Amino acid sequence: NAGVTQTPKFQVLKTGQSMTLQCAQDMNHNSMYWYRQDPGMGLRLIYYSASEGTTDKGEVPNGYNVSRLNKREFSLRLESAAPSQTSVYFCASSVVPTSYEQYFGPGTRLTVT
Amino acid sequence: DQQVKQNSPSLSVQEGRISILNCDYTNSMFDYFLWYKKYPAEGPTFLISISSIKDKNEDGRFTVFLNKSAKHLSLHIVPSQPGDSAVYFCAAGQGQGNLIFGKGTKLSVKP
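In order, the protein sequence lines correspond to chains W and E. Plus 46 on top of the position in the first sequence (first one is 1) and you've got this note's numbering. Plus 1122 on top of the position in the second sequence (first one is 1) and you've got this note's numbering.
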């Protein structure tokens, strides 16, 4: 039982390049989330998926797109990376949207030069 | 405008003593509060939570207190251990389960 897994662990992109961050959970959770954490800041919600087939914007969605591929997988795409997107990205899941206890993956550290 | 504030970026405590981490919030509609613990290079892990209808929740060495009139919550760790050294995030939730996080407090427990 791996919990929440994220790939890759590290990535360096040039400005304008695109990439997809992958997230998968094996806990049969319905809801999944993408956060970013910048130095000295708390986690900020980018997008979330309350259930399979639905996605909604969070606090900082600009520059990102998401896909809830199935119940297990939730990906985050940067179409044209910018230095302001340099951050650590965390994926999380919860049993249902109203279950506030979220389980986090280990994070992806992204640097955009 | 920050809805969840942790005004102390860091806290240092001696092993065996009490650690008290504080958190203030501005939105009276929050109905659930949580504390997460984060070690370097790892994701946050859930520690303890409290519903807005309660004023205290206890789990082993960890107790969370909620003062709704002051819009303030605190996490008490007794006794503190070196393994408790980490960054602690306060988070608040309303409605769909989306959480608003504070900036975190780095706790150092010295042997």
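Just so you know, these hints were derived from the structure itself, not from any lab. Since the model is a prediction, treat every value here as computed from it, not as a measurement. In this text, a Cβ means the ideal position worked out from N, Cα and C, and glycines have one as well. Honestly, I wouldn't trust all of these hints.
What the hints assert, rightly or not - Which residues of chain E face chain W? A few of them, derived with a C-beta cut under 8 Å, are: (1) TYR1161; (2) GLY1165; (3) LEU1169.
As the list claims (entries may be wrong) - The list that follows gives simulated cross-link-like pairs (lysine to aspartate or glutamate, EDC-like), each with its CA atoms no further than 20 Å apart: (4) E:LYS1127 - W:GLU119; (5) E:LYS1176 - W:ASP84; (6) E:LYS1232 - W:ASP84; (7) E:LYS1127 - W:ASP84; (8) E:LYS1228 - W:GLU119; (9) E:LYS1159 - W:GLU119; (10) E:LYS1178 - E:ASP1146; (11) E:LYS1228 - W:GLU125; (12) E:LYS1159 - E:ASP1181; (13) E:LYS1178 - W:GLU147; (14) E:LYS1225 - E:ASP1206; (15) E:LYS1225 - E:GLU1164; (16) E:LYS1159 - W:ASP102; (17) W:LYS55 - W:ASP102; (18) E:LYS1225 - W:GLU119.
What the hints assert, rightly or not - Just the calculated beta-carbon pair ranges, DEER-fashion: (19) E:GLU1137 - W:GLU125: 45 to 51 Å; (20) E:GLU1137 - W:PRO54: 24 to 30 Å; (21) E:ASN1149 - W:ALA128: 37 to 43 Å; (22) E:PRO1162 - W:GLY109: 42 to 48 Å; (23) E:SER1173 - W:ALA128: 25 to 31 Å; (24) E:SER1196 - W:LYS117: 44 to 50 Å; (25) E:ILE1142 - W:GLN63: 44 to 50 Å; (26) E:ARG1139 - W:LYS117: 41 to 47 Å; (27) W:THR159 - E:ILE1140: 42 to 48 Å.
Hint by hint, here is what the structure shows:
Given hint, TYR1161 of chain E at the interface with chain W, is violated; its Cβ is 10 Å from that chain's nearest Cβ, farther than 8 Å. At its closest, the beta carbon of GLY1165 of chain E sits 3 Å from a beta carbon of chain W; the interface hint therefore holds under the 8 Å criterion. For LEU1169 of chain E, the shortest C-beta to C-beta distance to chain W is roughly 10 Å, which exceeds 8 Å, and the interface hint is violated. Distance hint between LYS1127 of chain E and GLU119 of chain W is unfulfilled; the C-alpha atoms sit about 32 Å from each other, more than 20 Å.
In summary, the hint linking LYS1176 of chain E to ASP84 of chain W is not supported, as the alpha carbons are separated by about 32 Å, beyond the 20 Å threshold. Proximity of LYS1232 of chain E to ASP84 of chain W is assessed by CA-CA distance (about 27 Å); at most 20 Å being required, the pair is judged violated. A threshold of 20 Å between alpha carbons decides the hint, and for LYS1127 of chain E with ASP84 of chain W the separation of about 16 Å falls inside it, so the pair holds. At roughly 32 Å between alpha-carbon atoms, LYS1228 of chain E and GLU119 of chain W are farther apart than 20 Å, so this suggested pair is violated.
Restraint check for LYS1159 of chain E and GLU119 of chain W: not satisfied, since their Cα atoms lie roughly 25 Å apart, outside the 20 Å limit. About 16 Å separates the Cα atoms of LYS1178 of chain E and ASP1146 of chain E, which keeps this hinted pair within 20 Å; it holds. Among the hinted pairs, LYS1228 of chain E with GLU125 of chain W is inconsistent with the structure: their alpha-carbon atoms are about 34 Å apart, more than 20 Å. Between the alpha carbons of LYS1159 of chain E and ASP1181 of chain E the distance comes to roughly 14 Å, so the proposed pair stays at or under 20 Å and holds.
Of the pairs offered as hints, the one joining LYS1178 of chain E and GLU147 of chain W holds, with about 17 Å between alpha carbons and a cut-off of 20 Å not exceeded. Note on LYS1225 of chain E and ASP1206 of chain E: the hinted pairing holds, with a Cα-Cα distance of about 18 Å set against a maximum of 20 Å. Restraint check for LYS1225 of chain E and GLU1164 of chain E: the C-alpha separation of about 16 Å stays at or below 20 Å, so the hint holds. With a C-alpha separation of about 26 Å, the suggested pair LYS1159 of chain E and ASP102 of chain W falls outside the 20 Å cut-off, and the hint is violated.
Using a Cα cut-off of 20 Å, the hinted pair LYS55 of chain W and ASP102 of chain W is violated, with the two alpha carbons roughly 25 Å apart. For a cut-off of 20 Å, the pair hint linking LYS1225 of chain E to GLU119 of chain W is broken: about 28 Å separates their Cα positions. Between GLU1137 of chain E and GLU125 of chain W, the C-beta spacing of about 49 Å keeps the proposed range 45 to 51 Å intact. Distance hint check for GLU1137 of chain E and PRO54 of chain W: the Cβ-Cβ separation is about 38 Å, which falls outside the suggested range of 24 to 30 Å.
With their beta carbons about 30 Å apart, ASN1149 of chain E and ALA128 of chain W fall outside the hinted range of 37 to 43 Å. Range check, PRO1162 of chain E to GLY109 of chain W: about 27 Å between beta-carbon atoms, so the 42 to 48 Å window is missed. Look at SER1173 of chain E against ALA128 of chain W: about 40 Å separates their beta carbons, and that is not inside 25 to 31 Å. A C-beta distance of roughly 37 Å is found between SER1196 of chain E and LYS117 of chain W, which places it outside the suggested range of 44 to 50 Å.
For the hinted restraint 44 to 50 Å between ILE1142 of chain E and GLN63 of chain W, the CB-CB distance of approximately 46 Å keeps it satisfied. Roughly 45 Å separates the CB atoms of ARG1139 of chain E and LYS117 of chain W, a value that falls within the hinted 41 to 47 Å. Separated by about 45 Å at the C-beta atoms, THR159 of chain W and ILE1140 of chain E satisfy the suggested range of 42 to 48 Å.
Consistency note: the structure conflicts with the earlier hints numbered 1, 3, 4, 5, 6, 8, 9, 11, 16, 17, 18, 20, 21, 22, 23, 24.
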